[in-house]
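Fit chain B to the known structure of chain A by using the hints.
Each chain, written out:
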Amino acid sequence: MAFKITSSPHVTKNSQTATVMQRVILCALPGLVVQCVYFGWGSLIQVLLAIAVALVAEAAVMKLRKRAVGVALGDYSAVLTALLLGIAIPPLAPWWVIVIGTLFAIVVVKHLYGGLGNNLFNPAMAAYVLLLIAYPVQMTTWVAPAPAAQYSPDLLASISQIFLPGSGDINLFRLGIDGTTMATPLDTMKTGLSMGLTSTEVLAKPLFDEGLSIGWFWVNMAYLAGGLVMLKLGAIRWQISTGMLAALFICSGIGFMMNPDTHGSPVFHLFSGATMLAAFFIATDPVTAATSNRGRLIFGALIGVLVYVIRQYGGYPDAVAFAVLLANLCAPLIDYYVRPRTYGHRSGN
Amino acid sequence: MLTNLEQLDNGVVWRIPGGIHPPEQKHLSNQTAIGTLPLDEYYYVPVPQVGEQASMAVAVGDHVLKGQPLTHGLNQHHLPVHAPTSGVIKAIEPRPSNHASGLPVNTCVIQADGKDSWVDLQSASLETLSNDDIVARVQAAGVAGMGGAAFPSHIKLSPASDIELVIINAVECEPYITSDDRLMREHADKIISGMEIIHQVLTPQRIIVGIEDNKPEAADALRKALSASKLPAGVARVTVVPTKYPSGGEKQLIQLLTGKEVPSGAIPAQLGILVHNVGTCAAISDAVLQGKPLIERVVTVTGGNVAQPGNYWMPIGTRVDHVLKCCGFNPEADQKVIIGGPMMGYTLPLIQVPVIKGTNCVLVPSSAEMSVDAKELSCIRCTECAQACPASLLPQQLYWHSKSGDYDKASDYNLRDCIECGCCSYVCPSDIPLVEYFRVAKSAIRNANEEKLKSERAKQKFEAKQARLEEEKRQREAKAKEAAERRQSNMSGGDKDAIAAALARVQAKKAVSAATPEAGADRKDKVADAVARAKARKAAQAAQSDSPAPEQNQANDAQKDKVAAAIARAKARKAAMQSDNEAEVDTNQTSAASSQKDKVAAAIARAKAKKEALKQALQAEAPTDSDNKSADEAADTLEPKADDRQARIAAAVARAKAKKAAAKDAGVNDPKGQIPEQNSVDSIAQSDPGELSAEEAKKARVAAAVAKAKAKKAAQQAGDSKSTVEDTQAESAEPKPEVELTAEEAKKARVAAAIAKAKAKKAAQQAGEGQGSDAHMQKQPADVNSAEPDSNSEPADVKPEAEPSAEEAKKARVAAAIAKAKAKKAARQDGEAQRPDNAAPLNDERSEAMSPDTDQSEQAPAQSAEEIKKARIAAAIAKAKAKKAAKDAEDKE
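Residue numbers (the working numbering), protein chains in the order written: chain A, 1 to 349; chain B, 350 to 1242.
Treat the hints as calculated values from the structure; they're not laboratory data.
Any given hint could be a false lead.
What the hints assert, rightly or not - Mimicking SDA-like on lysine to any residue, the simulated pairs with C-alpha atoms at most 20 Å apart in a straight line are:
| hint | chain 1 | residue 1 | chain 2 | residue 2 |
| --- | --- | --- | --- | --- |
| 1 | A | 13 | B | 370 |
| 2 | B | 724 | A | 68 |
| 3 | B | 579 | B | 479 |
| 4 | B | 439 | B | 455 |
| 5 | B | 724 | A | 59 |
| 6 | B | 609 | B | 361 |
| 7 | B | 758 | A | 118 |
| 8 | B | 573 | B | 382 |
| 9 | A | 4 | B | 680 |
| 10 | A | 4 | B | 450 |
| 11 | B | 609 | B | 589 |
| 12 | A | 4 | B | 725 |
| 13 | B | 752 | A | 332 |
| 14 | B | 752 | B | 768 |
| 15 | A | 4 | B | 451 |
| 16 | B | 724 | A | 29 |
| 17 | B | 758 | A | 344 |
| 18 | A | 66 | B | 727 |
| 19 | B | 674 | B | 390 |
| 20 | B | 758 | A | 332 |
| 21 | B | 464 | B | 385 |
| 22 | A | 4 | B | 479 |
| 23 | B | 752 | A | 7 |
| 24 | B | 609 | A | 346 |
| 25 | B | 758 | A | 341 |
| 26 | B | 439 | B | 409 |
| 27 | A | 4 | B | 701 |
| 28 | B | 758 | B | 785 |
| 29 | B | 724 | A | 346 |
| 30 | A | 13 | B | 721 |
Said to hold, decoys possible - Some, not all, of what chain A presents toward chain B, calculated at C-beta under 8 Å:
| hint | residue |
| --- | --- |
| 31 | 10 |
| 32 | 13 |
| 33 | 292 |
What the hints assert, rightly or not - Here's a subset of chain A near chain B, in silico, CB distances under 7 Å, partners left out:
| hint | residue |
| --- | --- |
| 34 | 3 |
| 35 | 4 |
| 36 | 5 |
| 37 | 7 |
| 38 | 9 |
| 39 | 11 |
| 40 | 15 |
Only a predicted model underlies this, so the values are computations on that prediction, with no experimental measurement involved.
We put the CB at the ideal spot given by N, CA and C, even for glycine.
If we strip away everything but chain A, and leave its shape as in the complex, we get (with noise of 0.2 Å):
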């Protein structure tokens, strides 16, 4: 009879690119929760809407590809992109802000560049920075946290804010209690700073409470318990997320020793804004990043020291797209110059 010829290993462990991504998934979703335990409907509407956009649109492009459809949708990578950028952009923005996003996403940033495995930039950080560029308004609209907030929007209030967009006043939703429109914790303190309030002021706000950011701060720490488990199950490795924040810790220690009043201190940018969500679920994307160990802190330490140094002195309140797209673009150039040093070498290379 006919033996069956394979080549060698003829056993493989059995891990899927599917169950990857579906760890990944599944670990950013406590902040979610937590996101809309605070802001709301709005961010778990964008995420489902976003998913929709992305596997039809997953599914198009493969089609016109000729590629197998089924393979490319089993494999939520999609899905995870999609997911990251309805998180990411603001809760009650515009239907068609998610809806241009995610195409964009899916269709320029990753099958233009050659489909999953090939494209250079985080499709879902592509896309989150060509919104905040096009939509300015509507990208930096975020709802004050219910804590916080004069009126939290419910469920339909959400969904008719995101899909008839201008059916009510969405400003309504960024009052604090004082009455008073809130703005990010980010960008309040990039306001306060730049009219000459120092931190200390700036964090006296409402928006804060001792020192931390209303509702960014338990986001955080749901993503961080998220990246956690994603460490545990072997979804990522510990190098990214390490450097990026330590880069940022250091970076905003340093600036926070040399002038507390005009630097916000280290917590106050490591449980601010997008941190915690970028060093465990964005930077983390192994197809952009770099691959050797070494290489990944050195990505990981960059993403951290572009995030410190555009919050602080860009004109952008959070930088974690522009960090990111930033690194995606160094990550080649890592990878070439920072080898491991193989069996029996000198050194690398």
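Same frame as chain A, but now just chain B:
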């Protein structure tokens, strides 16, 4: 070399990067003792070395006993093969091999007789054996590495360098395989005995058995046997390493136990380390102590689709299908039969293949145990492969480059350091068969290298052949020449004389046909003589001018010029001779046009000569001091010899000139040439008329002689100045520019004159043929007397002189135009060469630029200006002189 003996003794285990933990599945086969299989009817013993390192010791039809060698060794790499059982050789033919390809290999088919009777084995005790004996017995027993690679053990036992550490590999990290495990449990004493033998041969400082912690029974058995061994205390120990695939890889085990890495491309022996498998130890023991050849080994038969998994002593050559049949093989659809473990084993396309020395496992897994055939997905660069790689490679980069066929880049990422352990493929979430890509890339690189090597070899072969053919041709020619010479020498004297006479006759005839009287012939000989001498001199100079010494270039030039002058003189003589003859015939029929043409030609020639002289100056990279001096001396000694002959030539020239001048005076006057040159005529031309005798020919001869003398004087001056230059350079490196200048000019003048004369002669010949005119040497006195270089402007002066009377006149104009152009070019070059004084002298075309003396080169521009002026004056003088001489001659007449 070993600095970590203590650490070895303490059983320190280093960390190795990467690695994986696949399901072990060892319990399937290690629960039962090693069994034996019923005797098969046929045994297939591959004899792959036959034809290369071995020859068959048996023939088809022979009866062989168990353990009888089947092959004779031809060299040290020979690994004997023995009959695994007693029986009859049925065939020696290619049969499918135990290999992933299943390609046929030369195989000895033995039909077992069922008696399984042994040959006489010669046992020995270790004490009585020398190391060479031991190695010889290991080789005779055909012991090969039993871990899989089957490398001949006797070669490993005779290493080129000292071995300080022997590692016994008992790791057996592949899942499923337990043959070493069972062997250690049951035959630990044999393994330790093998270690004793290895210790005796190699005398290493330590022998370490490395074993994974999933085989505690085996480790215990070894420790027990070790404590009872004759090995010196403290030499050997068992070190348990954590279970991780691929700890059993040679390089990985070395790293685990010593912390050292085998350099890329090297072998462990270069670190003083040798690794043997436990099975090999047992086989060495059998071979050395009992004389028992390696004809059987323990093979694990395991997997979900075999009823009685376990370990069995299997004769080498046992067919796999027999093995499986005996063990209750229950194949399923798409059954895989794997030789080796699931990580590195290969699947067999056919199972009618033999068990060989490196076969440690026959794995027939159920489909549930193995990975399903998943479709290869896109790499997401998760780098799990890089995390798992024990060689710290970047498999995903290797994958990109291998897949795209960019093998250079793959090599750059150290593809050759991949041990193909399969860890990367194992962990890949996208189910990319990375190892397969790497194997393809590696073989492509290997093929490319082989191709390169092959073409290189072919090239060498071709070149060798060419050289051989060349040599043969040369030899043939030499032989032919020799034979010819022999024939000649064998001829009688009379014959020779006859030949010589014939040759002489021919020559004489030639001479006659050349319309040259006997006297001419004799002169011709002299001319030829002079030419030859001049050439010899030139050759001598060329030979001497090998070693560069820039400061000598001008001296060298002077010599060269002298040579050129000699040649020219010789030619001139010849020409004069001819013209003489012709003059006798048509004295009255002179043509001004032809004389002008001659002048033009002379001018062209001068220009050319000048250019030539420059070139020579550049080319002559100036000899060393002594060389130069000797050359000078040679020149000096040669000069006088030529003199009397030259005088004669000159006389002839002068005669011709006089005749021609007379004719010219009577005929056409030079309208332009007279006026500007009038002033300078008298002073220099004085001597010429003074020396004219009544008889024109005689006078002319005297004049010529005077001219010659002047030229010679100039030449001598040049020579003198050269020597002074040499002297002064030694002292102050400051030459006298004045002297230098004249020397150089004299030189140039001579060269120019020489060439001009040659041309003139040619022109004269033409003229003679066309119009019977012969007075062509007009220019010569000017050249020689003034000892001035022919200026660039000379051709310009000459041009209007050309008369359009005849066909030649036209030609002359053309020639004049060319000459002008050349002269201009030369002038330009002069100017250019002199401007960049010190800069890049070697690229300049002027001899001055070659001069190392800054003084001189600084003066260069002035020099050239001066030169041109002088040359112009000289030309004018020369022309005037010639005219005057002609007039005088007329007067006399």
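Now for the hints, and whether the structure bears them out:
no., hint, result
1, 13(A) <-> 370(B), "9 Å, holds"
2, 724(B) <-> 68(A), "11 Å, holds"
3, 579(B) <-> 479(B), "17 Å, holds"
4, 439(B) <-> 455(B), "13 Å, holds"
5, 724(B) <-> 59(A), "19 Å, holds"
6, 609(B) <-> 361(B), "13 Å, holds"
7, 758(B) <-> 118(A), "18 Å, holds"
8, 573(B) <-> 382(B), "19 Å, holds"
9, 4(A) <-> 680(B), "11 Å, holds"
10, 4(A) <-> 450(B), "12 Å, holds"
11, 609(B) <-> 589(B), "17 Å, holds"
12, 4(A) <-> 725(B), "18 Å, holds"
13, 752(B) <-> 332(A), "18 Å, holds"
14, 752(B) <-> 768(B), "18 Å, holds"
15, 4(A) <-> 451(B), "13 Å, holds"
16, 724(B) <-> 29(A), "30 Å, violated"
17, 758(B) <-> 344(A), "19 Å, holds"
18, 66(A) <-> 727(B), "15 Å, holds"
19, 674(B) <-> 390(B), "13 Å, holds"
20, 758(B) <-> 332(A), "14 Å, holds"
21, 464(B) <-> 385(B), "16 Å, holds"
22, 4(A) <-> 479(B), "50 Å, violated"
23, 752(B) <-> 7(A), "16 Å, holds"
24, 609(B) <-> 346(A), "12 Å, holds"
25, 758(B) <-> 341(A), "16 Å, holds"
26, 439(B) <-> 409(B), "6 Å, holds"
27, 4(A) <-> 701(B), "15 Å, holds"
28, 758(B) <-> 785(B), "17 Å, holds"
29, 724(B) <-> 346(A), "38 Å, violated"
30, 13(A) <-> 721(B), "11 Å, holds"
31, 10, "4 Å, holds"
32, 13, "5 Å, holds"
33, 292, "7 Å, holds"
34, 3, "5 Å, holds"
35, 4, "5 Å, holds"
36, 5, "5 Å, holds"
37, 7, "4 Å, holds"
38, 9, "3 Å, holds"
39, 11, "5 Å, holds"
40, 15, "5 Å, holds"
When each numbered hint is compared with the structure, violations occur for hints 16, 22, 29.
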